[in-house]
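Knowing the structure of chain X, use the given hints to seat chain Y on it.
Chains X and Y are the protein sequences, given in the same order.
Each step along the first sequence adds one to the number in our numbering, with nothing skipped, and position 65 is 65.
Each step along the second sequence adds one to the number in our numbering, with nothing skipped, and position 326 is 326.
In case anyone wonders, no lab produced these hints; they're calculated from the structure.
From a predicted model like this one, the values you see are computed outputs, not experimental measurements.
Note that the Cβ used here is the ideal one computed from N, Cα and C, for glycine as well.
One or more hints might be untrue.
[Claimed, not checked] Straight line, CA to CA, 20 Å or less: simulated PhoX-like cross-link-like pairs of lysine-lysine:
hint: 1; chain 1: Y; residue 1: Lys41; chain 2: Y; residue 2: Lys20
hint: 2; chain 1: Y; residue 1: Lys20; chain 2: Y; residue 2: Lys42
hint: 3; chain 1: Y; residue 1: Lys42; chain 2: X; residue 2: Lys50
hint: 4; chain 1: X; residue 1: Lys99; chain 2: Y; residue 2: Lys274
hint: 5; chain 1: Y; residue 1: Lys41; chain 2: X; residue 2: Lys50
[Said to hold, decoys possible] Far from chain X, by Cβ distances over 10 Å, these chain Y residues were calculated:
hint: 6; residue: Ala110
hint: 7; residue: Tyr207
hint: 8; residue: Glu217
hint: 9; residue: Thr484
hint: 10; residue: Cys490
hint: 11; residue: Arg495
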Amino acid sequence: MAYAPTLSPDRVARTTCPYCGVGCQIELHTKGGVVYRVSAPFDAQPNQGKLCVKGRFGHDYLWHPDRLTVPLLRRNGQLVPVGWDEALGFVADRLAAIKSESGPGAIGALGGSRCTNEENYLMQKFARQVIGTHNVDNCARL
Amino acid sequence: MQAFGSGAMTNSIADIVEAKAILAIGTNTTEAHPVLSLQIKKAVRQHGASLIVADPRRIELVDFATVHLRLEAGTDLALLNGLAHIILNENLHDSAFITERTENFEAWKAVVDEYTPDRVSAITGVPVDDLVRAARIYGGARPASIFYCLGITEHTVGHQNVLALANLALLTGNLGIRGGGLNPIRGQNNVQGACDMGGLPNYYPGYQPVTDPAVREKMTAFYGVEQPPATPGLTMGELIQAAGEHRIRALYIMGENPMMSDPNTNHVRDCLEKLDLLIVQDLFLTETAALADVVFPAAAFAEKDGTFTNTERRVQRVRQVFDPPGEARADWQILCQLARRMGARGWDYTSPSEIMEEIAQITPPYGGIHYDRLEGDGLQWPCPSRDHNGTPILHVGKFPRGRGRFHPVHHQPAAELPDDEYPLMLTTGRILQHYHTGTMTRRVSGLNILAPEERAEINTLDAAELGIADGDWIRIASRRGVVTVRARVCERPRRGLVFMTFHFVEALSNVLTNNALDPIAKVPEYKVCAVKVERAYPPEDRTHA
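If we strip away everything but chain X, and leave its shape as in the complex, we get:
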């Protein structure tokens, strides 16, 4: 007998798989705040309904208890939870201090080939506009 899903989803969201560079289109079927099924639209490029084991079953890490949920700041050698205000203020002050002491060339930034276009755009803008350096790269060379 054909498999028929009996659970009705709260939402089916079309998005792009976060794993390899093929960029398969996936549909996340969610219920009660978790993904319980992943499908792929048959009429969509580039994967036309096909997925690999990671795209179909590889998303449980989203709810893993190891997820970071608060900013961490190193104090006396230990990373301790702090608020956003303190973490951002600390970084802004330290970057400004290093820039004025050693110049913008003493600061580097690595964008993420795991992050979105918009975020990578902002990372290079941050390096070039806010810091004032071309020291920005990503892991394309890996």
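Same frame as chain X, but now just chain Y:
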């Protein structure tokens, strides 16, 4: 890039099935890009394409191949020059294309003439008959496509390897046509986009060179801040090296884990520990984040809106389905908040679609990319304006640089070759069930049932000589470090070759790999280093050793 003036997959995944011949070199497609490999299999099984696989290992794709060129790791240049030599000798090249659309053919041909089949066979270990068969298949079919991945680029001659592949495509006129092309398969989901967006020390968004005075002037006006001098910044490997020498004092890392992904792990740790300020933004406390002074908790792909650009230049939507856990925030929000804290102007975006509007303004290939146009199948760049429908195939009729240029390239041995002390060669790669440094997939229970631990592949004959049986614990040592891991004794690697992944922190190949860089592309030589292997006790029993 240098050969045609553009760096991306020239063709589309959809037209793979139109190829009559496919050369897959340095790509273990079925494991690293599984869904793309289905198109290659379909081309072979349903459309009658002939497949040539060039790889030191007997990977799954070999089951679909007419010829397997099982070359010694790090001899790709000799192999590719050798194939070109045979294609020329057998008069299989496309003279009209060479005359009309290329330059520097004669100078290049003079070099290729030196790569006779006998000489190439001696360097690569591939029998002459297989070289001839492969050359006849690739040279004799139109259209023919080339697919390559990190097995080509992760060498000290990676840059020349790519040029050698471009030479082959130019020689046979396989550019600008459906089913043809030169197609790098990009590793991560958005490595193409990260490069397109100017996350590179030598380019602004859209590959606009930082060395071009007109570009610098334009960006100075656009950002409202005098732009840095017109010299490229440091690459990732150089940044880490410079950190070790106190030339870089602060490093801001967004969503990367160089402690596992970069070669020579012990050296990376030493360098990062010397930083005055290490900022890491990630989903988890990665091996790199554990060294940080500040860690920002980031949102995952399902917790934010945005776009990724795939290996065929297709810009596609990422959609928010959930809220980030706790106080985690999207990377774009964190960057905006930090920039505003530092007094910068122009950081008041309320959504990623507003950021894309700015990208479209100053990134010519993305000029026509707007969120309202990305429903359905997205758009393939170059897409310069709102009325442009995107570009499935590059270089139709013309290259961005005008004529395609032949680049003479010579075989050079890898930076570190086996010797008496380290007699085996190590190469690295991926497996299907895990992804990159395992930050995500090692936290997915189903995938860990399928692939719970690292297994170093070693050839049956080498294992027999060393007294190693399948499943035994072995110690693999290079000049840079030692790992203890279980062996998978099999026929997959060539004799003399050991294979490991970089997914498992407890047995990490990058402790062993060589951080020697390609002098131009600055890619480390992950694919070849010298190692020695011996039987070992399991890690928990080391006290008895």
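Structure-based check of all given hints:
no.: 1; hint: Y/Lys41 / Y/Lys20; verdict: 12 Å, holds
no.: 2; hint: Y/Lys20 / Y/Lys42; verdict: 12 Å, holds
no.: 3; hint: Y/Lys42 / X/Lys50; verdict: 13 Å, holds
no.: 4; hint: X/Lys99 / Y/Lys274; verdict: 17 Å, holds
no.: 5; hint: Y/Lys41 / X/Lys50; verdict: 13 Å, holds
no.: 6; hint: Ala110; verdict: 32 Å, holds
no.: 7; hint: Tyr207; verdict: 12 Å, holds
no.: 8; hint: Glu217; verdict: 14 Å, holds
no.: 9; hint: Thr484; verdict: 24 Å, holds
no.: 10; hint: Cys490; verdict: 21 Å, holds
no.: 11; hint: Arg495; verdict: 28 Å, holds
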